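Protein chains in written order, with full-length UniProt numbering: chain A, 1 to 251; chain B, 1 to 251; chain C, 1 to 251; chain D, 1 to 251; chain E, 1 to 251; chain F, 1 to 251; chain G, 1 to 251; chain H, 1 to 251.
Simulated from the structure, these hints should not be mistaken for laboratory data.
The structure displayed is predicted, hence computed values, not measured ones.
Backbone N, C-alpha and C define an ideal beta-carbon position, used for all residues, glycine too.
Hints may be right or wrong, so weigh each one.
Said to hold, decoys possible - Each pair of labels, with its calculated beta carbon distance range:
no., chain 1, residue 1, chain 2, residue 2, range
1, B, Glu61, C, Val148, 22 to 28 Å
2, B, Glu167, A, Pro110, 53 to 59 Å
3, H, Asp100, D, Pro112, 37 to 43 Å
4, F, Thr98, H, Ser16, 45 to 51 Å
5, E, Glu93, B, Thr98, 29 to 35 Å
6, E, Leu165, H, Asp100, 37 to 43 Å
7, A, Val148, G, Gly74, 54 to 60 Å
8, G, Glu113, B, Thr59, 43 to 49 Å
9, B, Glu32, C, Gly74, 45 to 51 Å
10, B, Ala56, D, Arg149, 27 to 33 Å
11, H, Arg149, D, Lys76, 29 to 35 Å
12, B, Thr59, G, Gly74, 37 to 43 Å
13, D, Arg149, A, Pro85, 27 to 33 Å
14, D, Asp100, E, Leu165, 45 to 51 Å
Said to hold, decoys possible - Taking lysine-lysine and the DSBU-like style, the derived pairs with C-alpha atoms no more than 30 Å apart in a straight line are:
no., chain 1, residue 1, chain 2, residue 2
15, H, Lys119, D, Lys84
16, F, Lys84, E, Lys84
17, D, Lys84, A, Lys84
18, B, Lys84, C, Lys84
19, D, Lys119, D, Lys76
20, D, Lys119, E, Lys84
21, F, Lys119, C, Lys84
22, C, Lys119, G, Lys119
23, B, Lys84, E, Lys84
24, G, Lys84, A, Lys84
25, F, Lys119, H, Lys84
26, H, Lys84, G, Lys84
27, A, Lys119, B, Lys119
Stated by the list, open to error - To be clear about the criterion: a stretch of chain B counts as covered by chain C if any three or more of its residues have a C-beta under 8 Å from a C-beta of chain C, and this derived list gives those stretches:
no., segment
28, 53 to 65
29, 201 to 215
30, 225 to 235
Protein chains: 8
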Amino acid sequence: MHNSLTALLTQVRDGSISVADAALQLREAPFEDLGYARVDHHRRLRQGAAEVIYGAGKTPEQIAGIVDSLQRSGQKTVLITRMKPEAAAYLQERAALTYDAASRIGIVGPLPEPDGDGKIVVATGGTSDIPVAEEAALTAEVLGNRVVRLYDVGVAGLHRLLASLDELMGARAIIAIAGMEGALASVIGGLVDCPVIAVPTSVGYGASFGGVAALLSMLNSCASGVSVVNIDNGFGAGYLASMINHMGAKP
Amino acid sequence: MHNSLTALLTQVRDGSISVADAALQLREAPFEDLGYARVDHHRRLRQGAAEVIYGAGKTPEQIAGIVDSLQRSGQKTVLITRMKPEAAAYLQERAALTYDAASRIGIVGPLPEPDGDGKIVVATGGTSDIPVAEEAALTAEVLGNRVVRLYDVGVAGLHRLLASLDELMGARAIIAIAGMEGALASVIGGLVDCPVIAVPTSVGYGASFGGVAALLSMLNSCASGVSVVNIDNGFGAGYLASMINHMGAKP
Amino acid sequence: MHNSLTALLTQVRDGSISVADAALQLREAPFEDLGYARVDHHRRLRQGAAEVIYGAGKTPEQIAGIVDSLQRSGQKTVLITRMKPEAAAYLQERAALTYDAASRIGIVGPLPEPDGDGKIVVATGGTSDIPVAEEAALTAEVLGNRVVRLYDVGVAGLHRLLASLDELMGARAIIAIAGMEGALASVIGGLVDCPVIAVPTSVGYGASFGGVAALLSMLNSCASGVSVVNIDNGFGAGYLASMINHMGAKP
Amino acid sequence: MHNSLTALLTQVRDGSISVADAALQLREAPFEDLGYARVDHHRRLRQGAAEVIYGAGKTPEQIAGIVDSLQRSGQKTVLITRMKPEAAAYLQERAALTYDAASRIGIVGPLPEPDGDGKIVVATGGTSDIPVAEEAALTAEVLGNRVVRLYDVGVAGLHRLLASLDELMGARAIIAIAGMEGALASVIGGLVDCPVIAVPTSVGYGASFGGVAALLSMLNSCASGVSVVNIDNGFGAGYLASMINHMGAKP
Amino acid sequence: MHNSLTALLTQVRDGSISVADAALQLREAPFEDLGYARVDHHRRLRQGAAEVIYGAGKTPEQIAGIVDSLQRSGQKTVLITRMKPEAAAYLQERAALTYDAASRIGIVGPLPEPDGDGKIVVATGGTSDIPVAEEAALTAEVLGNRVVRLYDVGVAGLHRLLASLDELMGARAIIAIAGMEGALASVIGGLVDCPVIAVPTSVGYGASFGGVAALLSMLNSCASGVSVVNIDNGFGAGYLASMINHMGAKP
Amino acid sequence: MHNSLTALLTQVRDGSISVADAALQLREAPFEDLGYARVDHHRRLRQGAAEVIYGAGKTPEQIAGIVDSLQRSGQKTVLITRMKPEAAAYLQERAALTYDAASRIGIVGPLPEPDGDGKIVVATGGTSDIPVAEEAALTAEVLGNRVVRLYDVGVAGLHRLLASLDELMGARAIIAIAGMEGALASVIGGLVDCPVIAVPTSVGYGASFGGVAALLSMLNSCASGVSVVNIDNGFGAGYLASMINHMGAKP
Amino acid sequence: MHNSLTALLTQVRDGSISVADAALQLREAPFEDLGYARVDHHRRLRQGAAEVIYGAGKTPEQIAGIVDSLQRSGQKTVLITRMKPEAAAYLQERAALTYDAASRIGIVGPLPEPDGDGKIVVATGGTSDIPVAEEAALTAEVLGNRVVRLYDVGVAGLHRLLASLDELMGARAIIAIAGMEGALASVIGGLVDCPVIAVPTSVGYGASFGGVAALLSMLNSCASGVSVVNIDNGFGAGYLASMINHMGAKP
Amino acid sequence: MHNSLTALLTQVRDGSISVADAALQLREAPFEDLGYARVDHHRRLRQGAAEVIYGAGKTPEQIAGIVDSLQRSGQKTVLITRMKPEAAAYLQERAALTYDAASRIGIVGPLPEPDGDGKIVVATGGTSDIPVAEEAALTAEVLGNRVVRLYDVGVAGLHRLLASLDELMGARAIIAIAGMEGALASVIGGLVDCPVIAVPTSVGYGASFGGVAALLSMLNSCASGVSVVNIDNGFGAGYLASMINHMGAKP
């Protein structure tokens, strides 16, 4: 069942569990307080996807502590984003960690079988956008999706993009990743009929302002069906694409 | 069939139509050039939703001309966004226009029957956000969705939001609309397991900078599953929510 | 002869005129001081194009005074940009003024015969960009160019742009005008081999920030051969395109 | 007595001290000029709290010199903020310094007994905000306050925050520290009836712009009773919270 | 008793009320849903101060509806901020409204007797800041505070400020309101030992950027004990100052 | 005598006046409190120039009240900046006001005889900058300076500027006023050896951002001897230029 | 022939090649997919200039792979911009690379003979702008142009610029490169009658904001014929100047 | 004689030198072209102060080359700003260089005797502003001025500033240097009657934005007689102050 919280609340409404008992469950279950972190053991119940660790600004010891807590609570695969090489080295001595240095993604435990409704396409404007793209693609794969990668298909050479029209047309969701002027999202958005998640990247220089130019370009897209996540936020795009690609499973 | 373009391309691949004939069809069909506008008659085929008129910066005569062109091409219902009262008055003398002054939405023709997979929730932080919310809600309704409105459920009075937890939990997609600090998207995003489309509004003053504060807040949401559209872009959110709410119909 | 200043300087170098006499000519000729304006009678000599009046921030009386000064100095056609209707009304009683209200362009005197090397294409992303486009197109026409107008060819419906590939490919210079995300310049820049002058417009809302989104997008274009002028600066684009379209005439 | 300056001025008004003598006292007492710094020995009299050293941009020698000057003037405990490890190492050889590397807080001398009216709560949105939180908490402790730490209670997992409702409800002042979208301040502000001091942090990436997103979010909080200090300014928040927590002692 | 929610929760903890009954009370009491607004009848219990109406962006009819709902729930005095003259005129025909046009503050019902611990000083840098100052002062008075007004005491004529040193020194909280360079907050903050709430105003021109210069100046104040609210947010400052001025009453 | 405050302080140091008496004089003299304004009667003593009224944000009644207060204190000529036509009309019925509508400068009383050391040059880049230039020029004239006006000498027609090299070279101080790219200040600064006060104006459009482009340009001037005042701040430039032009009179 | 694509399309129109065959050619020819890059072998045909490698964000291995792919496709000279020394060292062991460390330009293969219509002038405001200038100059030389370098001719010493008036007057296109206030482009633009391509540089400090001041200054240039490329984009300027300098060769 | 250029031009006007000879002198004299720099030997004639070397972005070899050129042209003392330690080390082996590491100021040759009209005061808000202050003070000393240093007199401890009122009152020009909120310039500007040159510094953190907060604060100063130079531009302030302090010497 996809959402235990709703189940719990339904039981309350139906009277099959008392309010006090439900409150007790909610109060006891949700998290483990490590002092520096309140680890959310409840998230899979509440949101249908397990807790993910945002590695930036956490010490290797803190990351290891949270992984440990999650594993103790029964979570099999743990995704760690923005993980520094030092933290990866520290963790690799303690757990079965796969680490991709370019995207700084760490994965503890096995990749699940894909169970999504269709395919997710991850497209980039250039070669330099690949690290962000891999963050998105690996996130989607950890969450059980089949992913198609189309890299370096920026609009300055439109034929490179049009050559992959089939893959674009067959996607359930497309993640369009680009720095500089970020036009990729608009051009793709005008071609397809599935949601396009635009990820501006900090690739560029001068008046790209660390991704602001691409961000504004994407927010102002004249194509419909395009929404935007934070600059370089490959994880957020992968997570959302997975959610959309699992809509068929919802009741 | 949801996508005639794919059909056409499939025929090409299968050899049931020659490339030359397909090219001819593509070249002839797509738009009518009115001089001031190239009206896209092809969009329903390509993207599964009919052409929408962005009313800002167009004269009443231009809007009427485009409506006329679309109707001649067989489109039954035409949505016009950001429509000024003058344009509405002008059009009302020429066509069956329904006009909502607060959201500046005009609809020519009948509303379709809802055919989406589930419900779309449109929530606002405050009363002042309602015009943007209606742009989103009416857009979704024109595109065939059932819509639940939850207005004035901002986070400063959390119990007002929590009282509607049932509606939130039952949605296929949620549109979270807020100005000022825009925290509504994050709080909803942390509670539910469906896509949340965040719409910052220009409601506020001083350091809200016309919606920038809410925009940045939403882009930086610590909740997963949240993506963002342009400030005050109720239409974009409604369109995307409808797309997500029709995923079940995709092959 | 296209540049009298160079001629004058050449005479100085060749000894056919003394430095003192040349200095005298330069000192006497260049401008008439009206108190509120120093009207440049020398510009056609120095730059190959006559003085143009920037109408914003000038009173109708000042504009009329400058027109008068230019006509007295022998200039046949005078272009006035950003001219308010009041100023146009005032001037129309005093001179043979043609006025285009949408682009706020006023022209005193006859349009010259086109004498450029080829054609200039003026393309816009949408209908709302037309006023800026007309400022560019009329400027180019006043300066002696043949102009092709392609309006509403934005990238969200790529086929509308590709249908005009012939006109684009045959241009000596292209002016790409767009608001919102401004992707038009990059897409055109990737298709053609002539200079593309990008004009961001203030068309849009929210995070378009009055044209900043399009401006940044264009400055970061991944296509080569693209340069940018100020937001809404149709005049500047038309002037530069004309300069490029008259290169063949240069020695 | 909380404010000797007022006392002095009162004596002047009452005639119990001549203006000249008062002026002399004010002129002689207030500071020691070290050339590179004018050390304020007068601050406890004027403001009820001793001088604090802002360590950034000062050399280890300068910091040591100011500590020395303060100790000679009778100040028992000296707080040093933004202190680099080199400066700490240099000072530790010369004085009884306690140094917290994460928050870069140095304390020379003993911690005072808490003498505030109640408790101050320091809450953070995430683990990465802890260094700023410790700057606030240690500042408050140096100034004589009891402090409760609630770390990693961000709004994306609302139950983690609600589980500590008791501590929040029992505070005299709450310091809400968050980066990214900064929604924590608004949510807490809507739940409690004591002043909430919001501290945006530079935690985040992309469109967080080094804390600007959280700053704007907090400035636009729709909850009442919330005010804001500079990004990462844990010290300022701790100081102000202490001031509020000592209001009962004021006459 | 200042906080009924705490009381209710305490009863739950003590067992004098069942969780279910408490939940019922919370669920039933909190707000009335008017469709366009969820009026918070619970706020006085939860936060110790009654609901305030933010008038901007609400129609006169909506404001009247909310006033009516609050009065029906037993609230005697209703404060309305940012109220347009039209709304005031509309309401004055229906209720006992006092309206101050400069500050756009409306008050329905009688002013309460001051019950704060001491006095609140409201100081402005110039004459043009008075409307914001009155919003702060009237808010504080509606919430039961004695207010001292010191207007036009900007730092360019320091003696004007120093002449009121007595009033400043005797305050429980000071609201420092200034546009332009906003130095007033720092100078006051350096002189006194009570909390200073800084309110930047949009007074100024050019590089004041609608109050941004003053806002940044205040956020970077080198004086301790200073915190900041949004530009022109007199209400927020008055509310917070009242909260601080009622600390003595807290248990 | 140019500075009575210094005189008073010197008397204190020399013992020719007691500290108490001096304090009394300072306390009594400085300002008149009108409630909405603290009128500085002391400024001529302290700063060598009489009080000036900043008209923006003041009602006609307030302006008249301050003029009255200044005249009662013996000030003969009163300068009012940013004065709206309504205020001028109101005042003209009550006092001998000269009003310049373009620069919004009002002058009550007679212009003084010039007593500066030399001449002040006021130069503008274009015709549209004249209102700001007149604010500067009239301010300088009210303060007793001889002013030379050089209008419309922008760098796009360098010969127009070079033709006035004599006037530039003979100035004691130059006020360089320009909008758009603001290059005028740098070019003048490179030619002369007296202080250049740069005034960016809000003249321009698009990426001039209301004067920000010119402001930044001037702040980054590669010429030495250039300093900058606020956008459109003709008054500030005129005041400072007058100060510099009266340096010879200082002891 | 300068444009094979046009040729191909002409053949299609004339019936000398079938649409299917043309599509096949387009589909097969254009690029080689290396996984991390889609190398555009088609660009010379489409745009008249060979593919250029943007070195930033690419690994040495990726750059070498793309060079290899281009050479295999028959391209003789390959330009690499923003190339790090490590990448240069790596490539120098594998190919005939010329590398300029200051401008980070790498060139594989021989420089072509100049075949442009005239000369391109590259001018800088200061010595610190030289790296960007060399990027522009070397790009232009790789594309077959004669280049004249005028370095350190900033407007603060106008005679340094005027001394090179002959070179400026004789150019087909001028690249004006400057940081700080960027006035160089306006002053040159006012003197000459050929296109001026302005390149803002990140040279400067403080309020130059990494080149933003120069960028805005150039966008707002009051001189006609000036257009702008991205900050530090010497390559883009060199490419565009070359395009203009080869206009005579166009049919 | 202070300005040889004027002298030369006067000779031209008087006929005592021919235009041709004058032109020759101007053409020959002004600068030496080193390829990477055009060294201005003419500046002392034109502007009354010798050439200064801006060290940032120049190699040690380039700096040494320019010093050499200036010395050959007869300049005795050479000021080098923003000089890196490496460049200083390199130069110290070749010339008599005095180097101040904190302010990165290098001086080749002897300091001149002060010949200004009075004294220049350099005041800072804090200890961290001293490097910028020394850049200003040393520049002023190199240009022949007596300098009084008042460091750490920020407005948060007003008595520290007021204790130095005598020095402030006796200055011909004051340089007010501050980071954070930059209020120092306004407070000093309100106290004195000489020009105040405000220098914002990049000292601060968070919302100081590298000096922008102080810059805006200073530009919006409500005190008259205040003008601003670029962030951290101690040199510019010292140069301008020297110019003002030598006004008495002007004819």
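Hints and how they fare:
| no. | hint | result |
| --- | --- | --- |
| 1 | Glu61(B) <-> Val148(C): 22 to 28 Å | 24 Å, holds |
| 2 | Glu167(B) <-> Pro110(A): 53 to 59 Å | 37 Å, violated |
| 3 | Asp100(H) <-> Pro112(D): 37 to 43 Å | 42 Å, holds |
| 4 | Thr98(F) <-> Ser16(H): 45 to 51 Å | 46 Å, holds |
| 5 | Glu93(E) <-> Thr98(B): 29 to 35 Å | 33 Å, holds |
| 6 | Leu165(E) <-> Asp100(H): 37 to 43 Å | 41 Å, holds |
| 7 | Val148(A) <-> Gly74(G): 54 to 60 Å | 31 Å, violated |
| 8 | Glu113(G) <-> Thr59(B): 43 to 49 Å | 55 Å, violated |
| 9 | Glu32(B) <-> Gly74(C): 45 to 51 Å | 48 Å, holds |
| 10 | Ala56(B) <-> Arg149(D): 27 to 33 Å | 51 Å, violated |
| 11 | Arg149(H) <-> Lys76(D): 29 to 35 Å | 32 Å, holds |
| 12 | Thr59(B) <-> Gly74(G): 37 to 43 Å | 53 Å, violated |
| 13 | Arg149(D) <-> Pro85(A): 27 to 33 Å | 31 Å, holds |
| 14 | Asp100(D) <-> Leu165(E): 45 to 51 Å | 38 Å, violated |
| 15 | Lys119(H) <-> Lys84(D) | 37 Å, violated |
| 16 | Lys84(F) <-> Lys84(E) | 23 Å, holds |
| 17 | Lys84(D) <-> Lys84(A) | 23 Å, holds |
| 18 | Lys84(B) <-> Lys84(C) | 23 Å, holds |
| 19 | Lys119(D) <-> Lys76(D) | 24 Å, holds |
| 20 | Lys119(D) <-> Lys84(E) | 42 Å, violated |
| 21 | Lys119(F) <-> Lys84(C) | 38 Å, violated |
| 22 | Lys119(C) <-> Lys119(G) | 24 Å, holds |
| 23 | Lys84(B) <-> Lys84(E) | 23 Å, holds |
| 24 | Lys84(G) <-> Lys84(A) | 23 Å, holds |
| 25 | Lys119(F) <-> Lys84(H) | 42 Å, violated |
| 26 | Lys84(H) <-> Lys84(G) | 23 Å, holds |
| 27 | Lys119(A) <-> Lys119(B) | 24 Å, holds |
| 28 | 53 to 65 | holds (count 5) |
| 29 | 201 to 215 | holds (count 5) |
| 30 | 225 to 235 | holds (count 4) |
Going down the numbered hints, you'll see the structure goes against 2, 7, 8, 10, 12, 14, 15, 20, 21 and 25, while the others check out.
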